[in-house]
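K.L.:
What follows is the residue order along each chain.
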Amino acid sequence: MSLLRYHLRKLFMIFKNEVLVLPSRIVVCIFFILLLIWPLIFEDPYAMRIVILASIFAIFAASWDLLSGFTGQINFGHALFFGVGAYGAAILNRQTGMPPWGSIPLGALIAVLAGLIVGIPCLRLRGTYLALTTLAFPIILASLIMTAPEYTGGEMGMSGLARLAMSRTANYYIVVVTMLVLVTVMWKITDSRMGIIFHAIREDELAVKAAGINTTMYKLIAFSLSGFFAGISGGLYAHFMRIAGPSTLEVSMSFQVVIWCVFGGMVTIWGPVGAVFILFPLLEFLRMWPEWRELMFALIVLIILLYMPGGLLPWVRNKIETECPRCKIRNVAFRSSCRVCAAEMK
Amino acid sequence: MKMIRRIMVILLMCAVALIVGGSAWAGDTIKIGIIGPMQFVQGKGHWNGATLAAEEINAKGGINVGGKKMKVELIQSDSNEFLNVTDATNAMELLMTKEKVDFVLGGFRTEAVLAMQDIAMEHKKIFIGCGAAHPELCTRVAENYNTYKYFFRGTPFNSKLLVKTSFLHLKFVGDILKSQLDIPALKVAIVAEKAMWADPMVTATEGFLPKIGMEVAGIWRPSAVATDLTAELKAIQSSGAQMIYTIFSSSVGIPFARQCGELKIPAVQVGINVEAQKDGFYEATQGMGNYVFTMNTYCRGVEYNDLTAPFVESYVKRFGETPPYTADTYAALVYGLAPAIEQAGTLDADKLVKVMEVGEHKVPSGVVKYMVDEQGRQLHDLTWGPGYLTSLGVQWQNGKPVGVWPNKWKATPESQEVTYKGIADYKIPPWVIEAYKKK
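Residue numbers (the numbering used here), protein chains in the order written: chain A, 25 to 370; chain B, 66 to 504.
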């Protein structure tokens, strides 16, 4: 009993001293709590649908950030992983009757395979060349899908997939909890030793090689991990929409993910997630002006990027928090001295 | 500050009045969602057709629902389905849960309609598809009737039958060429835009041509947005093809027809050219689109029955163009849904399904009768053939679209000839006649 009390006390102290001291962390906590209690407050199925889809795309966006943001392997064909995950789950579900809890992770593993297939030939490429090469892969796969309509459904895709769950609320919790877990995992990966190597590869690959690190292996890991998470989001999408079609491989899908990441702030994981939760509902809100919807959306994105080139969320974060010039620990903006080293904040 | 507070109160009161007033008004209306790609011609067709129908129904006092006249209220929903399938499903969910519509009409892209269909079925709302042609939409009804029985195809007839009709057009023109130009074996160039939907059609055409004694001269797949097709046309000319079977849904249909006319390629164009279905085709091709043949649903001057001309003319008068096939939301509302509601005396979807799936009714493009499959299961798919729906073969002649098929068409050797009122003779382009008469 005392042990439990000790751990609870420790948890409370961490929460008090590590979370409550920074506005960004409080916002993340509120975001988590709000998502988890949302269906208890609002039973609106339409709003739940928007949150579900936003959660699916949040995983997708974060997975792009993991590969392209952190490792610097600019991927303009990220829809490939999403599409492979969706089709993989759909084929397994339709052909073998496998339930979603089996077909989604297995579909994601097929996406990992796709990540390796794409990653290996792309290892020799960098920058623009890599970006343009990756752009071609989803287009190639879409063509392949058309050549085997008996297995893939051709133009109309594979429909009638098993539902994730029978009720909208259950669907909501499955997707939202999966998103929260996977995004946390991705964030932890980027915060680990592997994440530091990813960063280093992006900044100076030659220097990393010189340090004796196998960059080829790490780049392949990045492709595979990114493929896995994007594959999970593709599988969730297919089972939620109950269809996996060629639209999952469209170029617009690949570019959408780039827009989310750049808008939210690259190399953060939480930036793209926040961006999806802002932009996806925003696009729905703009339905009120159907003729102007796309234009208004584009204008909003453009204005944000023009004035906040580092992304919206890092900009907001930098406004409310400052970094200690001595120990580099973040502090709330109004503090005059650092909360850790007590250095004067400029 | 007081001023701001006052404005806020007024705005709030207005919002409350709108919500209360809106819902009170909504009680006496039948809410019908019209979903489609509203920024594109297909969605505009959905909306225009439905607008015409709602005006006509409301002018007569509305629909009689169990002794109470209820007016029709249309709710427009932009599915944006060409660009974003997810968007389309959100639009459908919005119609179901926020707008609380009683019925939905529309949809175009098969992949999006399949996903939208699931949402409508979940809410047990009747959804009349007016755009997507894939048979799967109706196969689902037969295979899982209890779930999908609320879906009906409004237009067009399914894609297998569309292909069949297109092949009939090919044979029709081929027979004319054979008899008038004395060409024993025709060579056909297949020109299909580089798009996924065209792939199975190309394969089917390749297989079909030898069956009717025609030879495949070659297959050309230009980009859907190509602007210069000189190379393809020269290659077609070199191949010796007398016919060009077109499969175009995009803008490529205009430069292809224009350059074909400019170069006087000695081959006739038959098939599907969506651009040639539009009224502005002749101007767009700078007058070179003459003699192009395409499948279409409506053509001014051609009448399937007594309902065709009034609909086409009132549509042209109101919107300044010939109705596209997606404007058959008009027929689905006026001749399908409204009479069914009056007959059933209720808006209850289950009771309406029973009424809608039996019998047949006349529409401006023929007669609608819902099919059953080989096992006798309800498909809610449209019956094709003489006496039902056939569509038209339309050729541009002297700058105007003219209906040329069916012209003394017999579906089987035993069946009666079919020729609709206003059908004219097919004309072979003079440069084609000249080219083959010399030989």
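If you are wondering where the hints come from, they were derived from the structure by calculation, not from laboratory data.
Using N, Cα and C, we set each Cβ at its ideal position, and we do this for glycine too.
A portion of the hints provided could be inaccurate.
[Said to hold, decoys possible] Covered stretches of chain A (chain B as the covering partner; in silico rule of three or more C-beta atoms under 8 Å from a C-beta of chain B):
#1 65 to 73
#2 177 to 186
#3 268 to 277
#4 304 to 315
[Claimed, not checked] Below, computed lysine to aspartate or glutamate pairings styled on EDC-like, alpha-carbon distance capped at 20 Å:
#5 B/Lys-109 to A/Glu-318
#6 B/Lys-163 to A/Glu-274
#7 B/Lys-190 to A/Asp-68
#8 B/Lys-109 to A/Asp-68
#9 B/Lys-189 to A/Asp-68
[What the hints assert, rightly or not] Only part of the chain B face toward chain A is listed, based on derived beta-carbon distances under 8 Å:
#10 Asp-143
#11 Glu-158
#12 Leu-159
#13 Glu-176
#14 Leu-179
#15 Met-186
#16 His-199
#17 Glu-425
K.L.:
Run every hint past the structure and note whether it holds.
P.N.:
Going down the list of hints, with the structure as the test:
1. 65 to 73: holds (count 4)
2. 177 to 186: holds (count 6)
3. 268 to 277: Since 4 is at least three, the answer is holds.
4. 304 to 315: Our answer is that it holds, as 5 residues pass the Cβ test (under 8 Å) against chain B, meeting three.
5. B/Lys-109 to A/Glu-318: The given pair, whose Cα atoms are some 17 Å apart, holds under the 20 Å limit.
6. B/Lys-163 to A/Glu-274: Status violated; Cα separation ~29 Å.
7. B/Lys-190 to A/Asp-68: At roughly 18 Å apart (the allowed maximum being 20 Å), A/Asp-68 and B/Lys-190 satisfy the hint.
8. B/Lys-109 to A/Asp-68: Since the Cα atoms of B/Lys-109 and A/Asp-68 sit roughly 30 Å apart, the hinted pair is violated (cutoff 20 Å).
9. B/Lys-189 to A/Asp-68: With Cα atoms ~18 Å apart, B/Lys-189 and A/Asp-68 stay inside 20 Å; holds.
10. Asp-143: Result: holds, 4 Å to nearest chain A Cβ.
11. Glu-158: 5 Å, holds
12. Leu-159: 6 Å, holds
13. Glu-176: 4 Å, holds
14. Leu-179: At 4 Å from the nearest chain A Cβ, B/Leu-179 passes the 8 Å test, so the hint holds.
15. Met-186: 10 Å, violated
16. His-199: 5 Å, holds
17. Glu-425: 28 Å, violated
Checked against the numbered hints given earlier, this structure breaks hints 6, 8, 15 and 17; the rest are met.
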